[in-house]
Amino acid sequence: MNSTLKNTMIAVLTFGGGTALLCLLTFIHINQGNVEIPLGVVVESIINPQDTLQHHTVRTLRMPRAVMGIIAGGALAVSGVILQTVTKNPLSSASTLGIHSGTYFAVVVTTIFLPAAMVGNGIMTAFLGGILTFLFVYVLSGGSDATPVRMVLAGMIVTFLFSALTSVLQIFYENETQGLFLWGSGTLIQNDWDGVTFSLPVIIVGVIVTLIYSGKLDTLTLGDDVATALGQNVRSVKVVTIIAAVLLTSVTVSIVGPIGFVGLVAPHLIKLIGYRAHLPLILGSFLWGGNVLLLADVLARVIDPSFNELPVGAITALVGSPWLIWLVMRMKRTGSQNSGAIMAGKNSATLSMKKLLPVLLALITITLLVSLASGNYGFEPLVTYNAFFGEANTFLQSLIIDLRLPRALVALFSGAVLAVSGLIFQGVLRNPLADPSVIGITSGAGVGALMTMYWFSVSAVWIPVGAMAGALVFFIIVMVLGVKAEFQPTVLALLGIGMSAFGSALIQIMVVQADIGVASALTWLSGTTYAKGWSELLQYLIWPVLLFIPLLAFYIKTLDVLSLGDDTAKGLGLRVVNVRFQMALIATLLAACSVAAVGSIGFVGLIAPHLARLLVGSVNQKLLPVTMLIGGALLVVADLFSRTLLAPNEIPSGILVALIGAPYFLWLMKKRAT
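Using numbering that gives the first Met the number 0, read the sequence shown as starting at 0 and increasing by one per residue.
Simulated from the structure, these hints should not be mistaken for lab results. All values derive from a computational prediction rather than experimental measurement. Check each hint, because a few of them may be wrong.
Straight-line C-alpha distance at most 20 angstroms; calculated EDC-like pairs for lysine to aspartate or glutamate [claimed, not checked]:
1. K621 to D566
2. K87 to D303
3. K87 to D191
4. K483 to D559
5. K569 to D559
6. K483 to D565
7. K87 to D224
8. K569 to E485
9. K87 to D144
10. K270 to D217
Label pairs and their calculated CB-CB ranges [said to hold, decoys possible]:
11. T18 to F640: 53 to 61 angstroms
12. V576 to W322: 39 to 47 angstroms
13. L350 to F171: 51 to 59 angstroms
14. Q620 to L221: 50 to 58 angstroms
All C-beta atoms in this analysis are idealised placements derived from N, C-alpha and C, irrespective of residue type, glycine included.
All chains should be built: construct the whole structure from the sequences, respecting the hints.
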């Protein structure tokens, strides 16, 4: 077969087959609904519309949704092509670089505080949020010197940060943001043609601009120096095309919400077929982006035939997150990226344990006492004293002893076990970025716990079992991928974030299907110590501490041996694979117990071990108790502020920790980049 015939067949399959598939999916999509409409009626309503209920249903409700799916998917795919070319990063898309989260956060802020600025569906607000987020991630990851993995890692952490901020606003301004939860997860719901008529001209302009610049983008792939030598104004090409990409993303977000991973999957499908020139790449990506998004919406309504409207963004994440993982592993095999560790820096001090432990215990005690004495009426130490010594009334005694005390202890123990879990993961994987939330374990535990609560409808006693099962499944997947990635720190962190995205998509689907209230769902997903009492402390937290911590204290020295490298550890007689698996398994179970008690609280396991190293050095036998105390104190402080900062309203403790942990993670990356 000569090359001309082969190229012709590829073009026919790509564009002809893609168009045929798009038509098929469109008819399937239009025919989905509470009332089945025959195919002949669908065709007739398009070709020869009449004044009947079925024809109006097709033309005013179902067709706008299908058309919106096609043009939104196409716009996101073209945006992904541009971002991948300009950043020289095959992992780039609006979702992996945090642009979606930035646009969503900007829209939520404007909706609450400046609703008059939401003209044109808030497209300008979304555009400004997207541009600023892209610049932030680009600079933070090292600019033109950024590696693909580092750039996406920065984008994912920025997504965590904006998600935490957005959740705070949605919880406290539930009325103002009513309806934004489903939209924020991505939905193609259209009640008329307004969304299509608004977005289509903008999308056409954005795609035309990218097509005009397609030749210049081809030159850009040769490298900035070569492009400049060939007469290209590299900076202007990048600026114009980035603006077009963010504009395409912004207009879709303003209509259908942030739908992730379409801009990652569709361009790579076309590249896998063999296209590299940007003209066919852009056209093919637009066509197959429409196919990907339309198929996801079809699947969403197949999965939930009750038509509760599963967010299509969750379905694209279910497909896109494994695709991201595959791409990362593919890059690892081809050696196309540099993934060195991101260390916290040298120890600034090595303090005496005899002095440090009493100080930490005293600080925790003081923090607990302040927490018990703080509430809606301010700081009341005398009332707390009277409650403990029997001189207060029954109500105050119950408030402090039965509500505040167990809640503070739950925070203390949850923070301690999460911190120890992070310490173990960092030692076992030799990865300073490891944390149960960063590598996907917390997300897996959340999936297991939520399935136990709302799918199997079993007793609350089984919740930790479900959390452990979910955490174990995700743990095994991450470990298998980690072996293939040779446990390279940034690669493993990115793989874990891909697993977290997959788990979050499953959680979103279950939240919608279980019909959980928006505020309560966001609170649980963010992690909270609200209304936690003696039962959570006794069922989920006391026994792991009593069982696993003494065991870890005995075996913790093996982490010091592992830190010397696998070959040295084997030479010293350590069974590296068995020890790594056993220690990581204990860390996973600890994280699962915390999720069962307080939900998905992240970053405690990242921050606490690093702070401990700054105080006592890198010897794990010293780090274990110090990390426990710091982690417990951190979550107690977060719990205290969650109750008092905006009293009588509460901020979920997990959000407060994320607001600290995400910037800290980004600071570690920036420090390494500079």
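In ascending order, which of the hints set out earlier in this document are inconsistent with the structure? 1, 2, 3, 4, 12 and 13
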